[in-house]
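J.: Take a look at the letters that make up each chain.
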Amino acid sequence: MLALVLFFIFAALCVGGAINLLVQKHPINSALSLIVVMGSLALIYLLLGAEFVAAVQVIVYAGAVMVLFVFVIMLLNAGEEVRLPHESRVATMLGVPALIIGLGITAAVVSHLTGLDRIAIGGPTVMNGSDVFGNPQAVGHLLFRNYLLPFEVTSILILIAIMGAVVLARREE
Amino acid sequence: MVPLSYYLVLSAILFACGVAGFLIKRNIITIFLSIELMLNGVNLSFVAFAAQLNKLEGHIFVFFVMVVAAAEAAVGLAIIIAVFRTRETLNVDRVNLLKL
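Protein sequence lines, in the order shown, are assigned to chains G and A.
Its first residue numbered 1, the first sequence is counted upward by one per residue in the working numbering.
Its first residue numbered 1, the second sequence is counted upward by one per residue in the working numbering.
Rather than coming from a laboratory, the hints here were simulated on the basis of the structure.
Keep in mind that a hint or two might mislead.
[Claimed, not checked] A few chain G residues that face chain A, going by a derived Cβ cut-off under 7 Å, partial list only:
1. 3
2. 9
3. 12
4. 23
5. 27
6. 36
7. 39
8. 46
9. 73
10. 77
11. 106
12. 108
13. 110
[As the list claims (entries may be wrong)] Heads up, simulated SDA-like pairs for lysine to any residue below, C-alpha to C-alpha not over 20 Å straight-line:
14. G:25 with A:89
15. G:25 with A:68
16. A:99 with G:74
17. A:99 with A:71
18. A:55 with G:83
19. G:25 with A:26
20. G:25 with G:15
21. A:55 with G:136
22. G:25 with A:82
23. A:55 with G:172
24. A:55 with G:147
25. G:25 with A:94
26. G:25 with G:83
27. A:55 with G:81
28. A:55 with G:15
29. G:25 with A:24
30. G:25 with A:55
31. A:55 with G:146
32. A:99 with G:151
33. A:55 with G:113
Small disclaimer: the values here were computed from a predicted structure and weren't measured.
Cβ coordinates follow ideal geometry from the N, Cα and C atoms, glycine included.
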């Protein structure tokens, strides 16, 4: 019961932040509402027993990536969105139907998965604390044993990304 | 306890908001933020299914998605800075030429 109440509180925060991202005109407001979404998602991950993922969500996403975004917004002095008078409206026409179709798919998934719903999840994993599911130790074991090669490949990806960012953002002489 | 479909509904709502923002918004940074929102929606369904099926592989996938998202944000924002330097604008409707 407590898990359900907590889920609804954080889910409401999530959806509110996501809608606020769409409504706001200034990019800095959109970025800050995305931080709200990411923070409440981290708490939902904790409800699901994913301690490692929740920590990484806060440190990497809400910390590093969003700081990068806010930094760039302030560096470029991005102002409010201006709409050109002769711009194409096709994207606006498609955006709202896309949202409705997305929610329609949601409804289909819900009605299809009602059989799965009998097995309720979440809650006790975070309540009693003795469950090892999803803690950093368990994830580390899996990551460094079964998925060692993909893990090493991502380090090359990060290296390439760093070099790409430096080369692209460099001022040309 | 919370049924799986609640998590999936939340995930789909976040993804749909991301798609709508991607199509509606004209500011290139806000479009980028919408992409991050979509990635977060997908991550939520990975973690929910990991808890449902009692398999930790979902958490590993989320980890890799986060790594790719961080790399993508670094390179994408560098591209945005480079575009702003030559065009003096962040509006995607004004960035319609390959060469100035």
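J.: A separate judgement is required for each hint: does it hold in the structure or not?
T.: For each hint, the structure was consulted:
Annotation: residue 3 of chain G was flagged as interfacial toward chain A, and the flag holds, the nearest CB pair being 6 Å apart, inside 7 Å. Hint status for residue 9 of chain G relative to chain A: violated, with the closest Cβ pair at about 12 Å, above 7 Å. For residue 12 of chain G, the interface hint is violated, since its Cβ never comes within 7 Å of a Cβ in chain A; the closest pair sits about 10 Å apart. A cut of 7 Å between beta carbons decides the hint on residue 23 of chain G: the least distance to chain A is about 10 Å, and the hint is violated.
For residue 27 of chain G, the shortest C-beta to C-beta distance to chain A is roughly 5 Å, which falls under 7 Å, so the interface hint holds. For the restraint placing residue 36 of chain G at the interface with chain A, the shortest Cβ-Cβ distance is roughly 11 Å, beyond the 7 Å limit, so the hint is violated. Using the Cβ-Cβ criterion of 7 Å, the hint placing residue 39 of chain G at the interface with chain A is not satisfied: the shortest such distance is roughly 11 Å. The restraint placing residue 46 of chain G at the interface with chain A is violated, with a minimum CB-CB distance near 10 Å, outside the 7 Å limit.
Taking 7 Å as the C-beta cut-off, the interface hint given for residue 73 of chain G holds, the closest approach to chain A being about 6 Å. The interface hint given for residue 77 of chain G is violated, since its Cβ lies 9 Å from the closest Cβ of chain A, which is over the 7 Å cut-off. Among the interface hints, the one on residue 106 of chain G holds; its C-beta lies about 4 Å from the nearest C-beta in chain A, closer than the 7 Å criterion. A cut of 7 Å between beta carbons decides the hint on residue 108 of chain G: the least distance to chain A is about 10 Å, and the hint is violated.
Interface restraint check: residue 110 of chain G against chain A, minimum CB-CB distance 5 Å, threshold 7 Å, status holds. Annotation: proposed proximity of residue 25 of chain G to residue 89 of chain A holds, straight-line Cα distance about 16 Å (limit 20 Å). About 28 Å separates the Cα atoms of residue 25 of chain G and residue 68 of chain A, which puts this hinted pair outside 20 Å; it is violated. Our distance criterion of 20 Å between C-alpha atoms is broken by residue 99 of chain A and residue 74 of chain G, whose separation comes to about 27 Å.
Distance restraint check for residue 99 of chain A and residue 71 of chain A: the Cα-Cα separation of roughly 26 Å exceeds the 20 Å cut-off, and the hinted pair is therefore not satisfied. Of the pairs offered as hints, the one joining residue 55 of chain A and residue 83 of chain G is violated, with about 47 Å between alpha carbons and a cut-off of 20 Å exceeded. Restraint check: the Cα-Cα separation between residue 25 of chain G and residue 26 of chain A comes to about 10 Å, which is no more than 20 Å; the hinted pair holds. A hinted pair counts as satisfied when its Cα atoms are at most 20 Å apart, and residue 25 of chain G with residue 15 of chain G qualifies at roughly 18 Å.
Between residue 55 of chain A and residue 136 of chain G, the direct Cα distance comes to roughly 14 Å. Compliance with the 20 Å bound is thereby established for this hinted pair. Pair hint residue 25 of chain G plus residue 82 of chain A does not hold up; C-alpha atoms about 23 Å apart against a cutoff of 20 Å. A C-alpha spacing of about 49 Å is found between residue 55 of chain A and residue 172 of chain G, which places the hinted pair above 20 Å, so the restraint is violated. Between residue 55 of chain A and residue 147 of chain G, the direct Cα distance comes to roughly 14 Å. Compliance with the 20 Å bound is thereby established for this hinted pair.
Taking the CA atoms of residue 25 of chain G and residue 94 of chain A, the gap is near 18 Å; set against the 20 Å cutoff, the hint holds. Of the supplied pair hints, the one linking residue 25 of chain G and residue 83 of chain G holds, its CA atoms being roughly 11 Å apart against a limit of 20 Å. As the CA atoms of residue 55 of chain A and residue 81 of chain G are separated by approximately 44 Å, the hinted pair breaks the 20 Å bound. For the hint linking residue 55 of chain A to residue 15 of chain G, the alpha-carbon distance of about 27 Å lies beyond 20 Å, and the restraint is violated.
Taking the CA atoms of residue 25 of chain G and residue 24 of chain A, the gap is near 11 Å; set against the 20 Å cutoff, the hint holds. A hinted pair counts as satisfied when its Cα atoms are at most 20 Å apart, and residue 25 of chain G with residue 55 of chain A does not qualify at roughly 41 Å. Restraint check for residue 55 of chain A and residue 146 of chain G: the C-alpha separation of about 13 Å stays at or below 20 Å, so the hint holds. Distance restraint check for residue 99 of chain A and residue 151 of chain G: the Cα-Cα separation of roughly 38 Å exceeds the 20 Å cut-off, and the hinted pair is therefore not satisfied.
Of the supplied pair hints, the one linking residue 55 of chain A and residue 113 of chain G holds, its CA atoms being roughly 19 Å apart against a limit of 20 Å.
In this structure, the earlier hints numbered 2, 3, 4, 6, 7, 8, 10, 12, 15, 16, 17, 18, 22, 23, 27, 28, 30, 32 are contradicted, and the remaining ones agree with it.
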